[in-house]
Amino acid sequence: MTPLMEVHDFAVGFGSAQPVKGVSFDVTAGEMLAIVGESGSGKSLTALGLIGLLPSHARKTGSIRLAGRDLSDLSERQWRSIRGREIGMIFQEPMTSLNPVLTVGEQIVEVLRIHDKIDRRSARKRAIELLDLVNIPEAGRRIDDYPHQLSGGMRQRVMIAIGVACNPKLLIADEATTALDVTIQAQILQLLDNLRLNLNMAVILITHDLGIVAQWADRVMVMYAGRKVEEGLPQPVFEHPYHPYTRGLLAASPRAEVGQHYRDGPLLEIPGSIVSSLHEKGCAFRPRCPDARASCGQAVPPIKLISDGRYAACPLVPSQFGRVSHDALVGA
Amino acid sequence: MTSSQSTALSPSLLVAVGRSTEIASPPPDAAEAEKEWSYTRAPDALSARSAYQSRRGLRREIRIFLTNPNAIVGVLFLASVVVTALLAPLLYPGDPLEMVSRPFLWPGQNADYPLGTDSMGRDVLAGIVHGARISLTVGIVATALGLTIGIGIGAVAGYFGGWVDEVLVKIIEIFQTLPNFVLLVVLVAIAQPTVTTVTAAIGIITWPTVARLTRAEFRAIREKDYVLAARSLGYGHARIVFAEILPNALPPIIVTSSVMVAGAILMEAALSFMGLGDPNRVSWGSMIGSGRDVIRTAWYLTALPGLAIVFTVISLNLISDGLNDALNPRFSEERR
Amino acid sequence: MSTSKRILSRARRVIVQAIPTALGIVILNFFLLQLAPGDAADVLAAEAGSATVETMAEIRSRFGLDLPVIQQLLNYLNNLAHFSLGYSPRYGMPVADLIGQRLPGTLILMSVALSSAIVIGVFLGSIMALFSGRLPDRIISIASLIFYSVPGFWIGLMLILTFSVKLGWLPSGGDSTIGSGLTGIHALLDRARFIVLPAVSLAVFYLAIYARLTRAAMLEVKSQDYVRTARAKGVSPLRLTLRHILRNALIPITTMAGMHVSGLLGGAVVVETVFSWPGLGRLAFEAVMARDFSVLLGILLLSSLVVIFVNAAVDLLQAWLDPRIGESR
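Protein sequence lines, in the order shown, are assigned to chains W, H and R.
Its first residue numbered 1, the first sequence is counted upward by one per residue in our numbering.
Its first residue numbered 1, the second sequence is counted upward by one per residue in our numbering.
Its first residue numbered 1, the third sequence is counted upward by one per residue in our numbering.
Simulated from the structure, these hints should not be mistaken for lab results.
There could be a bad hint or two in this list.
As the list claims (entries may be wrong) - Partial list, computed: chain R residues near chain W (C-beta under 10 Å):
1. Gly86
2. Ala143
3. Ala230
4. Lys233
5. Asp322
Keep in mind it's a predicted model, so treat the numbers as computed, not measured.
Glycine included, each C-beta is placed from N, C-alpha and C at the ideal position.
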């Protein structure tokens with residue numbers, strides 16, 4: 001089976017900085033892939049790269065293929081025909097991601113009319129259907145509301161309606177639920193899950209919330225300092241994390257202890273910050289790694305296939321670390 | 001389950017936790033942790049930097065200002081005008097309104113009068129040099145007056161709020177509705193034009209802008225923690241206003257004041273151009289006004305004093321742009 | 001809430017706020033008139049050439065000038081309510097009629113100047129934002145700094161020097177060719193030729209402000225999340241600029257334009273004297289020269305009312321542009 005999207009050695013640079021240092025991964029049609037990492041890990045830049053929205057002064061290398069078509073050398077005009085039609089994207093801040101002076105209807109109709117040659121009336125009809133599809137009650141009335149008249153969760157539903165309006169093959173959700181309440185978060189994720197099943201659309205879920213990954217993702221990819229450090233199915237990755245960074249993430253996640261317990265004791269932190277490791281020679285995680293050896297400073301450890309579908313970029317064999325229950329994560 | 005927390009920790013990670021104390025980040029509260037996951041986030045570079053700045057006072061702002069080439073050009077331009085104004089009595093000790101030579105000497109025609117003479121045989125360069133004194137004096141004194149009234153009223157309105165604020169805001173609004181220059185003409189016409197009345201009138205029409213700005217700043221700063229702290233310590237109003245709030249409200253007011261000087265100079269010029277300036281003093285505006293009648297034959301009489309105004313006002317605007325970039329980082333980021 | 005309902009509720013608020021402002025201006029005006037040297041009796045006596053103390057007193061009591069100040073204020077308000085601003089002996093007509101004659105000239109000059117300043121300024125500002133940091137941005141920045149620093153009356157004189165005296169392309173004063181007998185489109189074109197130079201002199205300063213403001217507003221809006229959303233939808237650059245960036249950037253620009261109306265009226269006073277443009281400004285200048293304070297203060301009052309009116313109109317325009325304004329709270 002050919003994957004829907006193949007990303008090979010994708011890198012992004014600004015001047016002397018190299019925030020994304022060569023990432024490769026695939027996305028299969030209808031799959032929900034989670035990309036996990038902390039701020040500065042390069043996950044959001046990777047996402048912007050996939051939809052051709054990197055700032056013009058960014059240097060990018062590597063290749064991106066969508067359904068066999070190479071996207072690396074597209075002109076801006078060609079990118080525009082892909083954005084919104086083949087790839088949709090929703091962002092973190094529902095409060096600011098919609099244009100405040102246009103009604104939600106106008107904003108949905110806009111994407112429909114850019115990509116499909118349909119008249120205003122049928123575009124409006126389709127927009128109401130879309131609002132229905134994303135479970136907005138009284139869609140026929142809500143369509144003439146302005147964004148400020150809707151709650152954060154509602155706005156994010158509108159964003160999803162815009163994202164899926166033209167039946168894209170891939171939807172990128174960049175921290176799409178981070179700004180929302182926990183209950184709304186679950187509703188939005190449920191909606192995304194239903195949509196991808198009904199529309200056979202792949203979803204790339206960019207998040208730092210491991211609970212979300214454990215519960216919703218088909219596959220997870222962990223990024224650190226611009227590189228993929230681990231990849232696999234959520235359950236094995238969370239039960240047997242290979243990379244020390246993944247282990248740190250799991251230990252630091254409040255959800256690992258099912259909510260009520262983390263108030264009792266101090267949270268485990270991963271010491272240091274990602275900033276300190278950006279210019280590191282060798283393994284970027286070395287300064288923060290509890291298991292670091294001298295050899296880690298020599299060369300960047302390559303990402304290696306550990307077992308079927310499992311990849312990790314750490315040469316040290318994991319042995320003495322503890323296990324985190326997958327159920328504990330999902331139960332959060 | 002309670003024990004699973006400790007079993008989940010590898011010995012090495014425990015060491016790591018021990019090491020993490022030196023990062024000294026405060027433990028995030030539970031709600032925030034749930035949402036933000038802040039403890040593994042990279043420190044916010046911008047907030048870290050601004051915290052650092054506030055400790056160092058205004059040194060960073062001054063450095064930004066002094067590394068801004070436009071601002072430096074503005075300072076040099078203005079300095080040359082100020083030096084000219086200060087040296088005027090030495091350079092041209094006589095009355096610039098005296099006739100010194102035959103009229104309508106063109107610039108360059110006679111080396112003694114490099115910028116020529118006007119229709120009454122007065123030295124144009126002497127007029128421009130002395131005019132700098134009037135322009136700068138009126139500009140600076142009127143601005144100081146406007147700042148004093150404006151900061152006073154704005155501070156009272158913003159600090160006390162309530163009905164005092166409502167009344168003062170209405171008065172500010174009334175003054176901002178009255179067309180500034182028309183009011184200025186009315187005031188000067190009623191009071192008879194002298195340097196003092198012109199200066200006072202300009203001060204009177206410019207204060208509302210400052211008052212509005214000061215009020216907004218005061219309202220924002222009034223709610224800040226350090227002001228609440230000062231209040232809880234029982235400090236008096238005067239001390240809170242002058243020691244706690246005013247210094248923090250100053251940056252936007254400083255930026256505005258340099259624009260105000262430029263505006264006052266332009267207004268003085270327009271007034272004396274219309275014949276509403278002090279008849280006993282030479283001013284750039286009055287020179288243009290009298291040159292206007294002979295613009296067909298001796299246009300340099302209109303052009304040269306105008307260039308002096310433009311030169312001075314440009315210098316002030318360059319300085320205010322530089323001040324804005326240095327004191328108002330949010331705006332300067334937008335400009336990039 | 002529908003757009004029209006929102007704007008109506010906004011209109012109510014605007015009117016309620018404008019009334020005390022207008023009243024305050026009227027009272028201020030009255031006291032300025034009291035401060036002015038000489039009163040109507042002096043003016044009439046001067047017109048008559050000579051007057052005895054008795055006739056002066058008689059005139060004063062006839063015009064109510066011997067009444068207490070508060071009574072005089074009430075009379076003044078009563079007169080205003082009947083659209084009476086007093087009588088100008090110099091022009092031999094009521095002040096209100098005199099101002100009414102001159103007001104259209106000023107309004108035309110102002111609206112031509114303001115609209116061209118906005119259109120050209122927004123255009124230049126958009127170019128600056130589009131090329132931010134590059135050559136076109138720098139060139140327009142320098143030009144706008146100069147425009148921003150030049151006195152309008154001096155620009156006017158330099159334009160007269162260039163286009164009237166040296167090149168002879170455009171007239172140097174007045175508002176139409178006297179006695180030309182032109183009608184229809186030709187009369188209009190004739191007037192257009194006369195308005196170019198004064199309008200440019202008045203507009204230059206504001207043009208510079210709008211260019212700078214548009215640049216800043218567009219750069220700010222450009223970095224907003226909703227612009228990124230629009231780009232992720234595949235919106236073309238032109239549509240992005242017009243519909244998403246400019247539409248939002250116009251909101252602060254209209255606020256500024258509203259605030260500039262009062263300044264523009266003041267600027268018109270000077271520019272009209274330069275170009276002998278028959279408007280309020282020219283009238284004000286003549287009134288100052290003739291020490292005719294009832295005319296001068298009538299102008300101040302009326303121009304303030306124009307400002308209040310235009311500000312209210314701008315407020316409603318904003319409510320239309322920005323759906324967040326005027327929601328019942």
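Hints, one by one, checked against the model:
This hint is violated: Gly86 (chain R) has a C-beta 47 Å from the nearest C-beta of chain W, more than the 10 Å allowed. The closest approach between the C-beta of Ala143 (chain R) and any C-beta of chain W is roughly 26 Å, which is over the 10 Å cut-off, so the hint fails. The criterion of a C-beta within 10 Å of any C-beta in chain W is met by Ala230 (chain R), whose closest approach is roughly 7 Å, and the hint holds. Here the hint on Lys233 (chain R) is kept, as its CB sits about 4 Å from the closest CB of chain W, short of 10 Å.
Interface restraint check for Asp322 (chain R): the shortest CB-CB distance to chain W comes to about 6 Å, inside 10 Å, so the restraint holds.
Violated hints for the displayed structure, listed by number in ascending order: 1, 2.
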